[in-house]
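Enquirer: Chains V and B are the protein sequences, given in the same order.
Counting in the working numbering, the first sequence runs from 2 upward without gaps.
Counting in the working numbering, the second sequence runs from 2 upward without gaps.
The reader is advised that the hints may include incorrect statements.
[Unchecked claim] Pairs of lysine to aspartate or glutamate residues, derived as EDC-like cross-links and limited to a Cα-Cα distance of at most 16 Å, are as follows:
#1 B:K479 to B:E489
#2 B:K469 to V:D43
#3 B:K120 to V:D284
The hints are simulated quantities; they were obtained by calculation from the structure and are not laboratory data.
Number of protein chains: 2
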Amino acid sequence: MPSEYLEPSAPIARQGNERATLIARRVGIDTYRENVAYLRRDCPVYRAEGFQALSKVEVSTPDHGRSILAVVNVVDDARLIGERELGLSEEAFADLGIEDGAPVAIAHAEVPPSMQTLKRKIGGERLTRDELGAIVRDIARHRYSKIELAAFVVATNQFELDRDEVLYLTEAMVEVGRKLDWDEKPVVDKHCIGGLPGNRTSMLVVPIVAAHGMLIPKTSSRAITSPAGTADTMECLARVDLPFERMREIVRAHRGCLAWGGRAALSPADDVLISVERPLSIDSPGQMVASILSKKIAAGSTHLVLDIPLGPTAKVRHMDDAQRLKKLFEYVARHVGMMLDVVITDGRQPVGRGIGPALEARDVLQVLNNDPNAPMDLRNKALRLAGRVLEFDRDVRGGDGFAVARDILDSGRALAKMNAIVDAQGRAAELPPLARLTHTVRAPTEGHVTAIDCETMARIARLAGAPKVKGAGVDLLKKLGDRVQRGEPLYRIYADTAAELTFACDAAARAGGFTIGEPAPIAHGYVEF
Amino acid sequence: MPSEYLEPSAPIARQGNERATLIARRVGIDTYRENVAYLRRDCPVYRAEGFQALSKVEVSTPDHGRSILAVVNVVDDARLIGERELGLSEEAFADLGIEDGAPVAIAHAEVPPSMQTLKRKIGGERLTRDELGAIVRDIARHRYSKIELAAFVVATNQFELDRDEVLYLTEAMVEVGRKLDWDEKPVVDKHCIGGLPGNRTSMLVVPIVAAHGMLIPKTSSRAITSPAGTADTMECLARVDLPFERMREIVRAHRGCLAWGGRAALSPADDVLISVERPLSIDSPGQMVASILSKKIAAGSTHLVLDIPLGPTAKVRHMDDAQRLKKLFEYVARHVGMMLDVVITDGRQPVGRGIGPALEARDVLQVLNNDPNAPMDLRNKALRLAGRVLEFDRDVRGGDGFAVARDILDSGRALAKMNAIVDAQGRAAELPPLARLTHTVRAPTEGHVTAIDCETMARIARLAGAPKVKGAGVDLLKKLGDRVQRGEPLYRIYADTAAELTFACDAAARAGGFTIGEPAPIAHGYVEF
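Bound conformation, chain V alone (with noise of 0.2 Å):
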C-alpha cells in the first residue's frame, strides 16, 4: 500500500494513531514517583522493541487530551498485563484523570525542550530565570525520568548554583505549587536544615511561641533519611495528617498547630527532586536553600528562624561553610521578602537521648512537664530557638526572648497549649509503647565520651525500625563528656523484629558509633555562643 506523494501530515498518520491504542491497566508497583509504562514486548500495536532504546513514551488519552511522559519498561511477563495493555501506575492514572481500562495511546517522546537548558548547565553555564523555571515546571510535571534527575542534581550541585541561580531556583519551586494564606501577619516559623537525630525542638518552640500569641502554623516532613521526622514524632500524641481547613480552625483557636506538610503539596518539584537526592545522599548548598525556603513560602510563613548545626558528623561540618550557607540563606530570604534569622548551633552528638519517633515524643513530654529528668541539651535549644522566634515580635526586647521562652515553659504555660494543640488535632489513644526487643551496646573500655557518630546513630535507629515502628530506635543512655567504665550502657536498640534488630546490631557492631578516650576541649569552631 504504497502512499505516494502524501504530506507529511497526511491523515495516514492520524488514522494510525486512532487504531493504536491499548488498554490502561493499574499496575501496583511502587516506582517512586518516576512515570514507568509497563509494554508487552509481544504488543501487537506498538513494536516494543522500538521505544526500549528511545526510552520515554508520551502517554496520552484519546479522551480527554491529557497526556504524560513515561519511561517504557518491556515486560515478558503475561501475569502482570496483557498484551494489548499498558500497565501504569496510580499516579500516571492521577495524571492522566482516567480510570482502569480506559484507552490510551503512546508516541514517541519528543524531549522536554528544558533538557537542552540541563545540557548546558552540565556544560557549566550559567542559567537565567525563565531557563530555571522551565525545568523546575517540567520536573514537577513528572517529564523527568530518574537518571534526567540525578543529571541535573549533579550539574547543580557541581558547579554550585551561583546565589541569583538559587534564588531564581527557589522561586521556580514556589510557583509550581500551592500556596497557603494564613489572613494575618506575621506567621512565624522555625526550620533545622536536619541531620542531627533526636532534635525534636519544634514540638517544645511550637507550643511556647504559640502560648506567647504569635501565630506558629508549623507543618513538617515525615523523616526521608532520618529515624524520625517531627511529623512522626508528633504523631506518637496526635493526628497530623490534618485537611488545610482543618488546620486553619485549629491555628484561628490556638495560634499554633505541628502537622504533616504531605498533603499540601507545596513544593512538588522538591519532592521529586528528593526521590534522587536521597539515594544519592547529594544534599547541596543551592539545593538546600531553594528547597527550604521554597517549602517556607509556600507555608505562607513570613518570619523564619532557621537552625544550622556545626559538627564534625553534622550535614554542615566547618564553620566557614556554615557562614557561607548562612549567607545564601540571607541573600534569598532577603529577595523573595522573608524575615530570616539564621542559628548556627552546636551539632557535636544527638540533642536529647531518644532517636527514633516514641523515644523522642517522651524526651519532649519530659521537658514540657518540667520533669527533673529532661535532657537539658533540648531544653536549653528549644528555649534559645524559641526566644530567637520570640524577637520577631516587636514588643519582645533584643537579647529577652530566651528569658521569655523559659517562663512561658516553666509555668506549664507551654505544656497546656501542647495539651490543647493535641486535643485539637486528635489526641493519640495511647503513647506507642517501645518496641519488645533491646540490645544494649556497652563501652569496650573505661574513658570518657569523646565523639557520638550522628549518622552512625541514624542509621541504626533506622535499621531497627525507626520511624515506621513508633517505638524502636536508640536512647542514648550517655553523652559527651560522660565518663564510662568498661562495660558500661552506652546505648539501647529498640526493635520489634529479629531481622531489624540483627541489622541494627551489625550496623552498631560495624561502627559502634561512640568513641570513648581521653576527655579534650573542644575544638571552638564547633559551638557558637
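Go by the hints and put chain B onto chain V.
Expert: Frame of chain V; chain B shown alone:
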C-alpha cells in the same frame, strides 16, 4: 525478650538472618541492566517501608554465598509475586547463580566504597588509576543504580576527565572484560565514532583488507541509537552471532569476518554505562575514547584506523573539537600500545543513499559489484579508509593505500572475499525485502539541497522501524548540491506498520531534514583533503 549484654555480633543476628529468607521468583520485566528486587509491601518477613528510603539492598543466597546489589521496588500487586517471594530479573538470577524458587535473603546494602570516590569526582577532584578502577569494577558488577550511573556520567562529563584519567578509565574498562587473542600480529581494525547514517564502510573495508591478506577480525555492535549498526546490516547477508571459536576458524581461513561483538562481553562496564548515556544523550570525549579503545583492545586489535566525521549535524561539529578529540585518542592509544591512525572525514550528510539495514546492505552490494549506480561517496570513503588500513602493511608505500584498495575493489577480489566471508558465517536465505508501506517526502520549493540533517534523517529511519525491521528506513533520492524542482521527491520512508509510518511521517512533518536554498560554497572547516 530483652537481650542484655549481647555483643553486637552475637548469635541473635545470625539467627535472625537464617529465618529471614524469601523465595526468589523470576519477574519478566526488562529493567535495562539495573538490578531491581520486587518486594511485596505486605511482606511478613521484611518491612518493605524500611527498605524504600534506603533504596538499595544486598540480595544473597544462603547456599551459594553469592550476592548482588539491587534497587527495591515495592509491589502492591498480588499477581506479580507472593508475599513471601522476592521478584528478580533474569540477569539477577544469572548473577546469583540460582534457579527460580531458590531461597534468598536480603539486607540493607552497604554503599559501595567507590561511591565515596565518585562523590569526590562530583566535587571536582582528579582520580587515580586505582580509584577509577574501583568505580569501573563496581559498575561492571551492577553495583550502581541507574541514578548513580547518571551521576558518574555527568560528573566525568562535566569536569572533562584529564587525559590520564581517560587512560585509567580505558585500562579499567579493559580489565573487567574479556580479551580476545588472535595468535598473530598485526590485527588491524577500522572504527567510526558514529553519528553518520548510512556510513557502512566497514562492510567494504573488511573484504578489501582481508583480500590483501591482512588480519581484520571485525566485531561490530548493533545499533543503539542509530537506525543501523554494522552488525544489523551485515545480518541482512549472513549470520553475525558467532561463538568466538567459530569466528577464529573463519578468520584463520579468510583473514577477516564481520561479526556481532555483543556475545563476547568485551567491555561489560561500557555496556552498563551506555544504558544511561543513551537516554541522557551524553557522549563526552573522555567517555567516547575510553569506550572505543577499551573495546578495541579487548577485541585484540593492534592497529586501528579511526574515522571522525565532521559536520554541522554530526557528532563532532567544529574542526577544533575534532583535533582535540584526535589528540586525546592518540594520547591514550600510545599509552596502551595501540597503533592508531585518525582520519577526520566529511560528515556533512549521510553516506550513501540508504538508511536502515536492508537499504544500506543494498548500497554496499552495489559498491562491491562495481554497479554504475553505486553511491560514489560510500565507495570513495571506503577506499580512503581501506587505503589507510593497508598502509599499516610495511610493504605498502605511504600514499599508495588508496590505489591498492581500488585495484582490489575494481578487480572483483573484494566481492569474492565478501562472498567467502558471508558463506563462512552462514549466508542468509535471501536479502530482506524493503518494508511494504512507503511515503515520499517532496521538495516544498525549487532550489538546491544545501543541508541534510543527519540527526533528523536517523530519527525518521528509526521511527520507521529500523533497525528492528530490516527493510525499514529512509532512501535518500537527493544529496547535497543537487538541484530540485518543487514537488520532486527528496527521500522515501519505508515502514512495516501503520503506527511506525505515522511516527516517521510526523517526525518528517516537524523537521523535514532537507534544506532547499541557494547553492553556497562548502564551509572549508568541514572537509579535510
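Enquirer: Compare the structure with each hint and give your call.
Expert: For each hint, the structure was consulted:
Between K479 of chain B and E489 of chain B the alpha-carbon distance is near 9 Å, which keeps this suggested pair within the 16 Å criterion. Between K469 of chain B and D43 of chain V the CA atoms are separated by roughly 14 Å; this keeps the pair inside 16 Å, and the hint holds. Distance check on the hinted pair: K120 of chain B and D284 of chain V sit about 12 Å apart at the alpha-carbon level, within 16 Å; holds.
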